[in-house]
Structure formats: C-alpha cells, structure tokens
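Participant: Listed below, chain by chain, are the residues.
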Amino acid sequence: MIVVIRPGNFTTIQDSGRWGYQTWGMPISGCLDPYATQVANLLAGNKKNAAMLEMTDEGGVFHFDDSVLAAIAGADMQATLNGRQIENWKAFIVPAGGTLAFGKVVSGRRSYLAVHGGFEVMSVMGSRSTYVAAGIGGLEGRLLMAGDMLELGKDAEAYLRTIGFSVRWIPKYSHSWKINVILGPQEYLFSTANQKKFLSSTYKVSSIADRMVCELEGPVLTLPPTELVSDATGWGALEVPARGQPFIVMPDHGTTRGFAKIGYVIQANLYKLAQVMPGDNINFVEIDTETAVDLYKLQQANYQALAESFSTGQMC
Amino acid sequence: MLMKNAAARAKLQPAGDGGLVVVFGDKIAPGVHEQVQEFVNSLQKMQINAVREIVPSYCSVMIYYDVLQVSGKELRSLVLEALEKLEPVSASLSKILHVPVCYDGVLAPDMDCVLRMTGMTKKELLDILTSKPHLVYLTGFTPGFPYMGNLPFSVSRQALSRRAIPPGSVGIAGNQTGIYTVVSPGEWNIIGRTPLKIFDAGRDNPFLLTAGDYVQFEIIDIGQYFALKRQIENKYYQT
Numbered sequence: 055m056i057v058v059i060r061p062g063n064f065t066t067i068q069d070s071g072r073w074g075y076q077t078w079g080m081p082i083s084g085c086l087d088p089y090a091t092q093v094a095n096l097l098a099g100n101k102k103n104a105a106m107l108e109m110t111d112e113g114g115v116f117h118f119d120d121s122v123l124a125a126i127a128g129a130d131m132q133a134t135l136n137g138r139q140i141e142n143w144k145a146f147i148v149p150a151g152g153t154l155a156f157g158k159v160v161s162g163r164r165s166y167l168a169v170h171g172g173f174e175v176m177s178v179m180g181s182r183s184t185y186v187a188a189g190i191g192g193l194e195g196r197l198l199m200a201g202d203m204l205e206l207g208k209d210a211e212a213y214l215r216t217i218g219f220s221v222r223w224i225p226k227y228s229h230s231w232k233i234n235v236i237l238g239p240q241e242y243l244f245s246t247a248n249q250k251k252f253l254s255s256t257y258k259v260s261s262i263a264d265r266m267v268c269e270l271e272g273p274v275l276t277l278p279p280t281e282l283v284s285d286a287t288g289w290g291a292l293e294v295p296a297r298g299q300p301f302i303v304m305p306d307h308g309t310t311r312g313f314a315k316i317g318y319v320i321q322a323n324l325y326k327l328a329q330v331m332p333g334d335n336i337n338f339v340e341i342d343t344e345t346a347v348d349l350y351k352l353q354q355a356n357y358q359a360l361a362e363s364f365s366t367g368q369m370c
Numbered sequence: 047m048l049m050k051n052a053a054a055r056a057k058l059q060p061a062g063d064g065g066l067v068v069v070f071g072d073k074i075a076p077g078v079h080e081q082v083q084e085f086v087n088s089l090q091k092m093q094i095n096a097v098r099e100i101v102p103s104y105c106s107v108m109i110y111y112d113v114l115q116v117s118g119k120e121l122r123s124l125v126l127e128a129l130e131k132l133e134p135v136s137a138s139l140s141k142i143l144h145v146p147v148c149y150d151g152v153l154a155p156d157m158d159c160v161l162r163m164t165g166m167t168k169k170e171l172l173d174i175l176t177s178k179p180h181l182v183y184l185t186g187f188t189p190g191f192p193y194m195g196n197l198p199f200s201v202s203r204q205a206l207s208r209r210a211i212p213p214g215s216v217g218i219a220g221n222q223t224g225i226y227t228v229v230s231p232g233e234w235n236i237i238g239r240t241p242l243k244i245f246d247a248g249r250d251n252p253f254l255l256t257a258g259d260y261v262q263f264e265i266i267d268i269g270q271y272f273a274l275k276r277q278i279e280n281k282y283y284q285t
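Protein sequence lines, in the order shown, are assigned to chains A and B. Letter by letter, the first sequence follows residues 55 to 370 of the working numbering. Letter by letter, the second sequence follows residues 47 to 285 of the working numbering.
Since the hints were derived computationally from the structure, they do not count as laboratory data. Predicted, not measured: the structure shown is a model, and the values here were computed from it.
With a Cα cut of at most 20 Å, we get these calculated SDA-like pairs of lysine to any residue:
1. K73/B with R311/A
2. K119/B with G238/A
3. K351/A with V116/B
4. K102/A with A96/B
5. K57/B with T280/A
Across the chosen pairs, the derived CB separations fall in these ranges:
6. R249/B with D342/A: 39 to 47 Å
7. I268/B with G180/A: 32 to 40 Å
8. Q262/B with N103/A: 37 to 45 Å
9. E194/A with Q115/B: 33 to 41 Å
10. I224/A with R122/B: 31 to 39 Å
11. M199/A with S202/B: 37 to 45 Å
12. N221/B with G201/A: 44 to 52 Å
We treat Cβ as the ideally placed atom computed from N, Cα and C, and that holds for glycine.
Using the sequences and the accompanying hints, generate a full structural model.
Facilitator: Structural data, given as structure tokens:
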C-alpha cells in the first residue's frame, strides 16, 4: 500500500491509453510522454502498459508501507527518498516505511513514477488511464488527493536487476524546442505565405497547456472564411481556430472538432509536448513522412536495445 | 458504378506519421454519411492488424495505424482495396432511441435566443425537432456525444463559451443538434435537457448511440423530467 501524503499539483494514474473507443468520442488519454513512461516501466521491471503516476509542475509525497522497486523518469522534480536525493532515470528500492517526496520541477514539466507491478485500479474500457473530464479511470476518475491509498498491481515482468543506463538515453529538456511536423491534412486551406509564417516563426507555449490542449502565442494565421465540418483530430494535431492562434491537441482532447489542421507533430516528438513549460519557445520544422517514420523507428529500436540490455544485465 | 465513383473521388491525406484521412466530401449529407459507413465496414472486414483504430466523422474517416507494422504506402493500397469493395451497410443494424427532453425554463437557457434567431414560435421549433427521427452522423467531441445534422434552419453559436454545460443538455448550432454527455465547455445553444445518460462508463454498454442510429425526441414537462431522472438514477428505467 502506498499512501498519498501530498498529491502534488496535478497527479493522475495513467497507462498507455484507452484506444478503441474514439468512434464514440472517448479520448485516448494515457501518459503524455511515451518515452519516459516506457523507460520508467522498464526500470521498474514492468510490462509496457503498467499504470504509473504522472505528475505535473510539482510532484507529491508518498509513504510506502512495503518495500518495492520503483523508478522515476521524465521531468526532474528533485525527488528525495527518506530525505536523501535520488537520481532521475534510475531504478531504486523504496524500503518499507519509506517516504518518497517530489518537489517543484526544475527541468521538463511532467515526471513519471513507476512501481514494480504498476498501480492497481479498475480498468475502464480497457485502460486504467484517468480521464478527468468524464470522471473515469484511475482513482475514481480524478486527481490524487491527500489520504488516497494506492494498491500495487500485477503488471510485472520477471524481477529485474536494478541497473541504470548511459546518459545518452536521457533526453535533454530545454526552454527552446525544435519540433518536427508533417503538414496536412488541411494545410491547403492556408496560403503559401501563411504556411511559411507558421514554419518560420517562434511560438510561445501559453499558460493554457494541460492534458487537453497546449495553446500557443505567436503570429496569427489567416484562414479563408469556410465553415469546416467536424472531423477526427488526433494527438499532436496543430489546429487553427478562427482567431488564428494555432494550438496543439493533447490526448484528453475531444476526438472530433471543426478546426482546420495545418499539420501534425511527428510521433517521435510527442514526448516534447509533455515536457514543454508555459513560456517555452517552439519552432516548428517541416519534415516528410518517410523521415518521420525513420525517426520513430530509431526511437523504438533504441528502446528495444535498452530493454534487451536490461534483461541480459549488460549496461547499455 | 456508383461505388467505383466513390472510390475514385475519395481523397487520401496524411495526418502525421501514424494517421491517414480518407475524405469523401465537405458537406453534411446523408449520401456522404453512407459512403463513410460503407468504407468503415469494408475496412473493418479486412481486419488489418496494423490499424489501431478507425474513427469516422461527417465526411471523412481517420485511420490510426502502427508504422512499425505497415508503411504508409502499403496502407494506402489497402485503403484503395477497401474502397473498391464498398457495399451497402445493412439498415437493420441501426436503431431508434427515444429521447425524452424537457424544453422548459432553466433547462432551456437559450430557448428564447434560438426563437429570436429563427423567428419561429416554440411550438414551430418543437414540431420540427420532434416530428421525425434524426440521423446520428457521428459520435464525438466528448464520450458518446451524438452529432445530428440537417435541421431545416441554422443558428449561430453562443458568442461566449460556457464553462460547464451539464450532461443531458440538448444543444443546437448551425444546422446541427446534439446532446452533451459529460460536464463540458461549449458554445451550442442549450434548448432542453434529457434525463437519459447517453454515456455511462459504469454500464455494460457505455454508449446509448452510435453513428447510423436515429434519435426520436419526445417532449416531457419538468415534473416528468425529475421523475425519469430519479428512475434512471435508481436504475429502474429501460430505454
């Protein structure tokens, strides 16, 4: 049992998402940083889809009744275990009666805590991910609160050695981001000049950046006055409403909306959207689909290599 | 011949490196809706492992796929194959859901505004809304929210977005009508509320409606609204 002493700013239970129900308007939800969550589950000896905690801006304080293998990945929230600082992107053993405390974020924005076996909550429509807007998944469909008690689950692989890995696997978070996009499906609604403006300007992440949407401040894009019929919109879509400020669609966003989509963030860059802070700068850089797929394959191959190095006990 | 034309006219557009959109038109129309449904049916029958999810909307179909299992080029040729094999979707699969709605007082905050915009009397408006079943073109926005289109009139949205529209609220915007399913922000004109839970994650079937179904609105008064709401909360009510 893990007791929540302090929940942190916006802490939810998430897994790899509630796929399969978008036809009925159910957003996918799930962890916003796919890379950090994959690595955290590896380090904690978990199956890929084990549920973990996602913390935003400021993490929580947790009391552990029993000893358990745990791992932290993603943003650095200056975690301490019984008062001693512990490293990010590493596995560690929490002793029985231990207190794991997170503070304010100092690098990146979202941090992930995985425990061996994952967190046991009821699966709703195939996922344990919290979707706060509909009050489903996670713990009663809501943010964690002080006093909540979390049970450990059974999503563990064979018990693994506690090993770290080379720093080259650890992404660097900055305040100035280059994010690759593929133009389309509705880029044709924008003039060439507007497309150029979008790709050559610096956008600032607004204060409205949550699990639904990441709003941007920067040059306004003009759209011809057309009433667009609602269509499907996915994670990473760059939508442009009538007022012309583009925003980025996140996994708790509605599944269909009537906004023009000038482009999509590539899959290999989705993790950046989890780690940008309000006020950070973003430059969007166009690449073609083939290159995007190559980057994604490389990322997945790296993950596989890491997974294999863990199961053989060879430092990677 | 008609099918072949549909296939030839469909446009394929990328949505990032893990999505492909198949576009059949740009207007809300029953004919386009049929093509969308037929294509979804045809693609589902092919049982392509690499397809993570198929999401239809008014005029297009989004295909989310796993690029580790299929290349964009391979997927495109599978889509063309599916387009060649469109066949009518059996109408027997669609159902009519009777949706009781109270169109009065605090449950209908924008009723007066809609009557002003349309120049209709309340009776005229309700006659149009309840005279025949409405086709559900798609469910989306929030879980289970049914989009019904092609009203014979059109109204603009509320200028200011409401922060929290209660579930069950019946809204109209443009020539569409829909039912809010969870507390959500919105700009649609709210003209009534149903006690039915169109979406309930705790139910065996969380969604009462799916694309292709029909909704028949029925007028109830505020007393009936609260009586039904109690029955539904106590799980006595059968739709």
